[in-house]
Amino acid sequence: MACPQCDLLHRVDEISVDSTARCARCGTVLFTPRSGAIERLVALAIASLVLMVVALTFPFLEMSAQGFSSHASVLDTITAFAGGFMAPLSLAIAGFIVFLPVLRLCAMIYALWPLIFDRPPAPGATAAFRLASNLKPWSMAEIFMIGVAVALVKMVGMATIVFGPAFWAFGFLVVFVTMIDVMMCERTIWRILDTR
Amino acid sequence: MTARAAGLVGCRHCGSVWPSDAATCDLCGGPLSSRQPNSLQRVWAWWWAGAIFYVPANLYPMLRTDLMGRESADTILGGVVELVHHHAYFVAAVVFFASIMIPMGKFAAIAYLAIVIRRGGQIQSHSLHLLHEVVEFIGRWSMIDVFVVAVLSALVHLSFAVNINPGLAAICFALSVVFTMLSALSFDPRIIYDAAEVRE
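Residue numbers (our numbering), protein chains in the order written: chain E, 1 to 196; chain B, 1001 to 1200.
Take the hints with a grain of salt, since some may be wrong.
[Said to hold, decoys possible] Here are the simulated SDA-like pairs of lysine to any residue, each with C-alpha atoms no more than 25 Å apart in a straight line:
1. E/Lys136 <-> B/Phe1107
2. E/Lys136 <-> B/Met1104
3. E/Lys136 <-> B/Arg1035
4. E/Lys136 <-> E/Glu186
5. E/Lys136 <-> B/Pro1031
6. E/Lys136 <-> B/Leu1131
7. E/Lys136 <-> E/Val53
8. E/Lys136 <-> B/Trp1044
9. E/Lys136 <-> E/Gly171
10. E/Lys136 <-> B/Ile1191
11. E/Lys136 <-> E/Ser35
12. E/Lys136 <-> E/Leu193
In case anyone wonders, no lab produced these hints; they're calculated from the structure.
If we strip away everything but chain E, and leave its shape as in the complex, we get (with noise of 0.2 Å):
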């Protein structure tokens, strides 16, 4: 194999189990397959979809002070710009935190899910994990939520916040979905769905 980032010739044998492989000029890793990772990824895929959708329909954030209050979901939070000419930010915003997130941990799944009950990788599920790899720099889910958090300091001492069910959601979401990005070795899984 020829290593990602730069492009030395690397032959590869068997890796044995929990240990790692890295290129021999930059360093980079190669293969770090872990037993049970397609499992834990998988359930944690699945888990993170579940918590989304909890994240969609219950309240997030609600403020008030002296006297006023007023709330906010997360779909309010993406329509935040729809009105005028800054509304295709909130498109870009629905997909940063919601609609990309999502079709990652969908792709994921799809391609994971037959490997785990060591089936042959269902049809298309080459294309499902490329597409997953591809989003992952473009699902900022983590990134939103430490927004949250700057967004709710700036307004303490101003206002009464209370967290709805779907600020918890979306926070063990990201907690999740960084459990996914630490786990993952996309080579050792392209390996695996190589040989299947």
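Since the structure of chain E is provided, determine the placement of chain B on it from the hints.
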């Protein structure tokens, strides 16, 4: 030995190698190219697009706050100054880093990479490679500011007392972040090691 020197082409998705005339990877279906064609030109094109939008992103207001009928507008830098006035030093630091230091640093880092690769001289391939990975990883985090504006505008609608609306800078800033992400993604890290090999 590199795949190119061996007359092969390596897939950037799955790492498998193919004869140099193959166009798509048989294993994962991804497009193959020994080196991203015109990598540096693409980097510069997206770089300029990002830099151009970064100017209005700083000049126009990010947030328009309507307090009891009086409207005030905050630019990115103005927002940081306000946070410092409210003694929210930690958040001020986070916003300062995410919306000012990171974008500036990213422009500088990408330009530095592209210039060093083109011009030559001694190349520290490992540190350049690290720099590229950091830029690629950190770029998306600049989006924080856009999300802050979205949350504040959605949440703060207290009848006539306080209303927050997004300003023109939000969309310019978002475009600038997307363009610089594309610029970093267009950079093919393999050319760093090519350039280092040429000098050896």
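Comparing the hints with the structure gives:
1. E/Lys136 <-> B/Phe1107: holds, 22 Å
2. E/Lys136 <-> B/Met1104: Answer holds: E/Lys136 to B/Met1104 is near 24 Å, not above 25 Å.
3. E/Lys136 <-> B/Arg1035: Status holds; Cα separation ~22 Å.
4. E/Lys136 <-> E/Glu186: At roughly 12 Å apart (the allowed maximum being 25 Å), E/Glu186 and E/Lys136 satisfy the hint.
5. E/Lys136 <-> B/Pro1031: holds, 18 Å
6. E/Lys136 <-> B/Leu1131: holds, 20 Å
7. E/Lys136 <-> E/Val53: holds, 20 Å
8. E/Lys136 <-> B/Trp1044: Distance of about 23 Å is within 25 Å: holds.
9. E/Lys136 <-> E/Gly171: holds, 18 Å
10. E/Lys136 <-> B/Ile1191: holds, 23 Å
11. E/Lys136 <-> E/Ser35: holds, 23 Å
12. E/Lys136 <-> E/Leu193: holds, 19 Å
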